[in-house]
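Undergrad: Letter by letter, the chains look like this.
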Amino acid sequence: ETGVTQSPTHLIKTRGQQVTLRCSSQSGHNTVSWYQQALGQGPQFIFQYYREEENGRGNFPPRFSGLQFPNYSSELNVNALELDDSALYLCASSLRTSGGARADTQYFGPGTRLTVL
Amino acid sequence: KQEVTQIPAALSVPEGENLVLNCSFTDSAIYNLQWFRQDPGKGLTSLLLIQSSQREQTSGRLNASLDKSSGRSTLYIAASQPGDSATYLCAVDTGFQKLVFGTGTRLLVSP
Chain A
1 ETGVTQSPTH
11 LIKTRGQQVT
21 LRCSSQSGHN
31 TVSWYQQALG
41 QGPQFIFQYY
51 REEENGRGNF
61 PPRFSGLQFP
71 NYSSELNVNA
81 LELDDSALYL
91 CASSLRTSGG
101 ARADTQYFGP
111 GTRLTVL
Chain B
118 KQEVTQIPAA
128 LSVPEGENLV
138 LNCSFTDSAI
148 YNLQWFRQDP
158 GKGLTSLLLI
168 QSSQREQTSG
178 RLNASLDKSS
188 GRSTLYIAAS
198 QPGDSATYLC
208 AVDTGFQKLV
218 FGTGTRLLVS
228 P
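These protein sequence lines map, in sequence, to chains A and B.
Using my numbering, the letters of the first sequence correspond one by one to residues 1 to 117.
Using my numbering, the letters of the second sequence correspond one by one to residues 118 to 228.
For the record, the hints were derived by calculation from the structure and aren't laboratory data.
Among these hints, one or two may not hold up.
Said to hold, decoys possible - So the derived list for chain A, only partly shown, Cβ under 8 Å to chain B, looks like this:
#	residue
1	Ser33
2	Gln41
3	Gly42
4	Pro43
5	Gln48
6	Gly56
7	Leu90
8	Ser94
9	Thr105
10	Gln106
11	Gly109
As the list claims (entries may be wrong) - Here are the simulated DMTMM-like cross-link-like pairs (lysine to aspartate or glutamate), alpha carbons at most 25 Å apart as the crow flies:
#	chain 1	residue 1	chain 2	residue 2
12	B	Lys159	A	Asp84
13	B	Lys118	A	Glu54
14	B	Lys159	A	Glu82
15	B	Lys118	A	Asp85
16	B	Lys118	A	Asp84
Said to hold, decoys possible - Derived, one-sided and incomplete: chain A residues facing chain B with beta-carbon distance under 7 Å:
#	residue
17	Phe45
18	Phe108
19	Pro110
20	Gly111
As the structure is a prediction and not an experimental result, all values here were calculated from the model.
Glycine included, C-beta positions come from ideal geometry on N, C-alpha and C.
Let's have the full structure, built from the sequences with the hints guiding it.
TA: Following this line, the structure appears as C-alpha cells:
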C-alpha cells in the first residue's frame, strides 16, 4: 500500500504567474481534498474531488481550480498568483462509498511549500 | 459557520508530565473529530479519530474524548517525551470528509 505523494516539494514563483501542484492518492482511494495552510495557521479546505468531479469548495476564488484523473490522482492549479498564496498546500485522500457522507480516515501527503515573491 | 478553537496555543513541559490539549467547536452537527500531529514544515499524521457516536478513543499514551453536546474535545498525553514535541491540530468533519481545523497547539517537551 503506497501513501499519498505530492510534487514538487518546494516551489518559488513570482506574483502573477500560474502554478500546478500534483497529488497521487493512496492506492484504492477515490476522493481527494486540497487544503491551504498559511504559516502558523490550521489548514483551510480549498475543494474536494470525488470520482473526477468537484464535490464541494471552500472560500477560495475561482483562480484556484483543480482536476481529478481516472486513476484518482489530482492537480491543483492557481492562476494570477498573489503574495498571500504563499503557503503549504496539502492534499488528502480517502475512500468514500457511493452516496455516503461518511468515509474512512483521510491520509495526508507531505505537502508542497509554495513561495510567491 | 463551523469554527474550531484550540487552547493553549503553545505549551512547554518537562519530560514525563501528563498533559491535556483542548479543542472546542461551535456547531455540534459533526460526523467525527480527528486529532493530528504536524512536525515543522511537514504534512499531517492522524493520531485518533472519534466518530460522533463515540465518547473516546485511545492509542498507546494518547486518549481523546469527545463531548458533542458541549462542543468540546480533549487530547490527553500521558508521560510526555521529547519526541512528542510537535503541533497538534484538531479537526471536525462537517460531512463528506470536509475538515475544519483549529489553529493548533504547539507542544515542546524538554528533556
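Undergrad: If a hint holds in the structure, say so; if it doesn't, say that too.
TA: Hints, verified against the model:
no., hint, result
1, Ser33, "6 Å, holds"
2, Gln41, "6 Å, holds"
3, Gly42, "3 Å, holds"
4, Pro43, "5 Å, holds"
5, Gln48, "6 Å, holds"
6, Gly56, "6 Å, holds"
7, Leu90, "6 Å, holds"
8, Ser94, "5 Å, holds"
9, Thr105, "5 Å, holds"
10, Gln106, "6 Å, holds"
11, Gly109, "6 Å, holds"
12, B:Lys159 x A:Asp84, "20 Å, holds"
13, B:Lys118 x A:Glu54, "21 Å, holds"
14, B:Lys159 x A:Glu82, "23 Å, holds"
15, B:Lys118 x A:Asp85, "23 Å, holds"
16, B:Lys118 x A:Asp84, "23 Å, holds"
17, Phe45, "5 Å, holds"
18, Phe108, "4 Å, holds"
19, Pro110, "4 Å, holds"
20, Gly111, "5 Å, holds"
In this structure, every one of the numbered hints holds.
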